[in-house]
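Asks: One line per chain: the protein sequences are U, S and W, in this order. Start counting the first sequence at 1; every next residue gets the next number (this note's numbering). Start counting the second sequence at 161; every next residue gets the next number (this note's numbering). Start counting the third sequence at 262; every next residue gets the next number (this note's numbering).
Hints in this document: simulated from the structure, not taken from any laboratory. Treat each hint with caution, since some may be false.
[To be verified] Okay, derived cross-link-like pairs now, PhoX-like style, lysine-lysine, Cα gap no bigger than 25 angstroms in a straight line:
no., chain 1, residue 1, chain 2, residue 2
1, W, 441, W, 431
2, W, 835, S, 187
3, W, 765, W, 627
4, W, 467, W, 441
5, S, 187, U, 22
[As the list claims (entries may be wrong)] Just some of the chain W residues that point at chain S, by a computed CB distance under 7 angstroms:
no., residue
6, 474
7, 478
8, 839
9, 842
10, 847
11, 850
[Unchecked claim] Residues of chain S placed beyond 10 angstroms of chain U at every Cβ, according to the derived structure:
no., residue
12, 174
13, 256
14, 258
Beta carbons are placed, not taken as given, at the ideal position from N, Cα and C, and that holds for glycine.
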Amino acid sequence: MIAFFVTAAALLVTAVMVVTSKDLVRAVLWLGLSLVVTAGAYAQLAADMLAAIQIMLYAGGVVTLMLFAVMLTPRPDDERPTVALVNPERGFAAALLMFFALAMALLQAELPGGTAVAVSDSQEVGRLFLTDHLLAFEALSVLLLAAMIAAIVIARRRDA
Amino acid sequence: MALGVLPWLLLSAALFSTGLFGLLTRKHAIGLLISVELMANAVNLNLVAFGYFRGDLMGQVLALFGIALTVAEVVVGLALVIQLHRHNRSIDVDSARELAG
Amino acid sequence: MMLPLPALVLLAPLVAFAVVALYPSLRRRGPAAGLAVVTGSSVSLLAGVLMLVGQQGLDRPVAHQVWRWMPSAGQDLAQVGWLVDSTSAPMVVVVGLVALCVQIYSFGYLHDEPGPALGRYYAWHALFVVAMQTLVMAPNLMQAFIGWELVGLCSYLLIGYWWKEAYVGKAAVKAFWVNKVADGGLLLGLIVLGGATGSFEWDPTKLDPALLTAVTLLLFVGVMGKSAQVPLHVWLPDAMAGPTPVSALLHAATMVAAGVFLVVRAWPLFEGAETTLTIMCWFGGVTAFAAACFALVEDDVKKMLAFSTCSQLGYMVAALGSGALVAGYFHLTTHAMFKALLFLGAGSLIHAVGTNAMSEMGGLRKQMPGTFVLFTIGCLALAGIPPLAGFFSKDLVLEGLLHGGQFGPLALCLVGVVLTAVYSGRAVVKIFFGELRSPDAHPHESPPSMMGPMLLLGAATIIVGFLGAQFSGLVNGTPDGAFHVAPVGVAGLVLALVGLAIGKWLADGGSVAQLEGLGEYIFSSPLDRFYETVWRRVLLVGAAWLAWVDRYVVDGLMNLVGWGSMVAAERARKLQTGLVTDYVAAVVVGVLVVALYTASGI
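Start from the sequences and build out the full structure, keeping to the hints where you can.
Replies: Here you go:
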């Protein structure tokens, strides 16, 4: 119980900080923190492997990539790029609306039973990937390859 | 853990909405991307929560897929950001307005 | 014959028309085109004569359908083909004969016209023959209407031959328009008939009396226009602006007779419509009288003959209106002969003297003997002097009026007989006797190309009169067209002789004060002025208003649609701001909408 509330609070705080920080680097770092806390949430929900992957890929890889990108795209005059908020009222209204929509849907839905049931089983997850969901797995691999190639092609220098 | 699934779902909804707020209020390309990250993260949380309370591993499988996809998307997106910067000398997303009607 | 004769009647001139129309090299050599057309007309006439003489279809009508034009469930609405029977066969020959005579005559009369214009002239002639024969042999009212309109078109084209003169163009347009007004009535009659009976047959199923009267009256409106009955006669004098051969063919013998012929053809319809017949009789009588008055004060020989035609058409219509079918039709035939002769003679005179005005002609008896004899024959026939054709047919008409009990029209026609003789006699005396008044000091007789047809028609004028019995046998099955001495006929003859004497007296210089007044009244043409006012104030105004509606309302609507779509496109274009944030916002909005919709659904 407590674990949930702590996690929840942490997640919410970091998320808000991500979207409201004026300093881009700070925002990215807050994102990283948010992702780590999410990993903790996964752990609570008996998804150990996922938690580990989350930390490796997301908190590690994605955040690093973001920081790289930030550093590689400096503005001519600024040292640290700032990201002002535009139309916060509009965004707030939309976000509120979205939350209410989702909440309404969730509250009226038939949700699975109350008690915790699942047990973490990483091996099983791997087995599932390679049997029941093989096609998706392979497609995903191709997708990742494509993304890599795409990124290289898009981002290379064009001058001869 | 005696809470049931609903609190997790509501949390995920809140995170999603927060990401949405960020998406609408940022002009910076990377700002947009991190907002999208948040939203994707919220979705993954949703999936895992469902999986846990249903008693099977589908939630984790799907969440793993989600992570992979998001990573791919971020990679390409960042490549685009770099190109945008090269072109327009700025990563204000609104600077690329050649397609204005 | 590989082709049936009626087809030949129609095809020969049609082929001639096509050849002249499609080959400018032929057309530009005027006489060559004329030769082609004359060939076509000759073949057509030959076929027609063979039809008549060979009794083809005369005992039993031969109706041949060439094409199902408007098929419909049950009975076809209209078909295209021909109907050869005892009514149409004589008319075919009349039309063919006069047409051929006129076309040969044109070689001489128009010989100093430029080639291309002449080619055009002959082309329209050929078209006219086709159209007229189509009308004559029409198996139903619809095809007759087509022929009717086509001859109207040819009339316009041929009147307007010398269109470079302003008054010629106006005359052609006037002819066309007055006929068009009348054709409105005809068309309405057609529509009512078609609506009531489902088809346009000459002999339709029984119509109830009111409908019958309506249909026949409307058809008669068309007849009034085409056959120049008062008050729709105003176009005929102006139509004299066309070349004289055209006046002879169209406006004396054939086209104006088409109206009369239509009534003859549709006799099953008209027979039962007593009201219409009475109305027709009165119109005919009034026309016979009034037009004769007009002819009396005319100095222009062609205009005089035009009014004379008008008057004689009135006789025909009156005869038909009194139920004397044979009389009307017979008079049509004889009139075609002698009126065409008269017009050709007038053309001969005009060609020689260079003017239409009778007051400038005189004493031409010696210089133009042939014309003198033939023209006199024509005038005597017109006046109704035996043994010429006009006597027999006019006699039949008068008898018919008497037997039909139409005494009012009969009285008018009898007075008309006097007047007819007066102006005929006056014409002959004025033109051929007395001193030479013409500006051209040496008028000469006309060339053979002109004299030949006149001779032919002159012979016809003499002969046809005796064919009354055969004619009646043809049309009616009974020989009551045979001549017999009757009081009214004798009265007519006496009146005619009296008239001739008066005519001579007038021509010799006598004049009547009343005539002067009448002449002035006629020349001020009140009817024409009335029509012109209607035209200018009503029709043109209405047309201008409609044009405004078309330009600003109908077109305006279209322009509005175009303008509207362009404005909308401009507005829509502004949506594409090119800003990514806007697009993101748009996506989010879409997602929100979907989310809300789904959420509310659950």
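Asks: Each hint needs a verdict: does it hold in this structure or not?
Replies: Against the structure, the hints come out as follows:
For the hint linking residue 441 of chain W to residue 431 of chain W, the alpha-carbon distance of about 15 angstroms falls within 25 angstroms, and the restraint holds. Annotation: proposed proximity of residue 835 of chain W to residue 187 of chain S holds, straight-line Cα distance about 20 angstroms (limit 25 angstroms). Restraint check for residue 765 of chain W and residue 627 of chain W: the C-alpha separation of about 19 angstroms stays at or below 25 angstroms, so the hint holds. Among the hinted pairs, residue 467 of chain W with residue 441 of chain W is inconsistent with the structure: their alpha-carbon atoms are about 29 angstroms apart, more than 25 angstroms.
Restraint check for residue 187 of chain S and residue 22 of chain U: satisfied, since their Cα atoms lie roughly 12 angstroms apart, inside the 25 angstroms limit. For residue 474 of chain W, the shortest C-beta to C-beta distance to chain S is roughly 71 angstroms, which exceeds 7 angstroms, and the interface hint is violated. Hint status for residue 478 of chain W: violated, given a least beta-carbon distance of 68 angstroms to chain S, over 7 angstroms. Interface hint status for residue 839 of chain W: upheld, as the beta-carbon distance to the closest one in chain S is roughly 3 angstroms, under 7 angstroms.
Taken as an interface hint, residue 842 of chain W checks out: its beta carbon lies about 6 angstroms from the nearest beta carbon of chain S, inside 7 angstroms. For residue 847 of chain W, the shortest C-beta to C-beta distance to chain S is roughly 11 angstroms, which exceeds 7 angstroms, and the interface hint is violated. At its closest, the beta carbon of residue 850 of chain W sits 10 angstroms from a beta carbon of chain S; the interface hint therefore is violated under the 7 angstroms criterion. Not every beta carbon of chain U lies more than 10 angstroms from that of residue 174 of chain S, the smallest distance being close to 6 angstroms; the non-interface claim is violated.
Every beta carbon of chain U lies more than 10 angstroms from that of residue 256 of chain S, the smallest distance being close to 14 angstroms; the non-interface claim holds. The claim that residue 258 of chain S is not at the interface with chain U holds, since no C-beta of that chain comes within 10 angstroms of its own (minimum 17 angstroms).
Going through the hint list in order, the structure does not satisfy hints 4, 6, 7, 10, 11, 12.
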